[in-house]
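The listed protein sequences derive, respectively, from chains G and Y.
For our numbering, count along the first sequence from 1 and bump the result up by 9.
Position 74 of the second sequence, counted from 1, bears residue number 62 in our numbering, the numbering being contiguous throughout.
Hints are not guaranteed to be accurate.
What the hints assert, rightly or not - In silico SDA-like links for lysine to any residue, alpha-carbon gap of 20 angstroms or less:
(1) Y:Lys27 with G:Leu129
(2) Y:Lys27 with Y:Ser47
(3) Y:Lys27 with G:Lys28
(4) Y:Lys91 with G:Lys28
(5) G:Lys28 with G:Gly51
Just so you know, these hints were derived from the structure itself, not from any lab.
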Amino acid sequence: QVQLVQSGAEVKKPGASVKVSCQTSENILIGQYVHWVRQAPGQGPEWMGWINFNSGATDYAQKFQGRVTMTRDTMTRDTSIITVYLEVSRLRSDDTAVYYCARRSEIPLAFYQHWGQGTLVTVSS
Amino acid sequence: IVLTQSPGTLSLSPGERATLSCRASQSLSSNYLAWYQQKPGQAPSLLIYGASSRATGISDRFSGSGSGTEFTLTITRLEPEDFAVYYCQHYTATPYTFGQGTKLEL
């Protein structure tokens, strides 16, 4: 059973940064990538980028480059639990959204079988 | 690639058939299109991938069709739990994008 467990809701002021975590487990069948998708109120989902939690490689949507950083927990692991992070800086009111981490199925293509529960980030003065 | 879904809202009754459309601004190679269902307060849930393949555990009342730039999600014999918002997503290349959604309401 693949699980993705995210950190709790955040309230931030404009201009601040937020860091959201996503805990998951190693699973050879579904690969090494965790994607981040956000959804503003009443809107469709929006893909933000991915991180390879083994190599640390990332790919960000152009819209978010320079303002988004995806990282992984680099502490030595003796378990199969992995934590990845999404940091968004210089927050604006239109960054208010639910942020999801997601992973693919056993088919190596970027549609999402497994989702975290979502983290609501509210940006308000 | 921009995905445009229609209609924005679809009002039907249990037992009826729903037809949802997703149009891509350019042809999707290998029909790399997925459909998701989303209920309030929940993450999207995968229904269809590859335009027409049902995900594991999905009822055969859900079917996907189409190719190129025109895709359709059909739901037959609507049940109360089917009333939700549906999104399409392409995964041909980054940036992956989603449609704006179709709300299926009673």
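Of the hints given before, which are not true for this structure? 3, 4, 5
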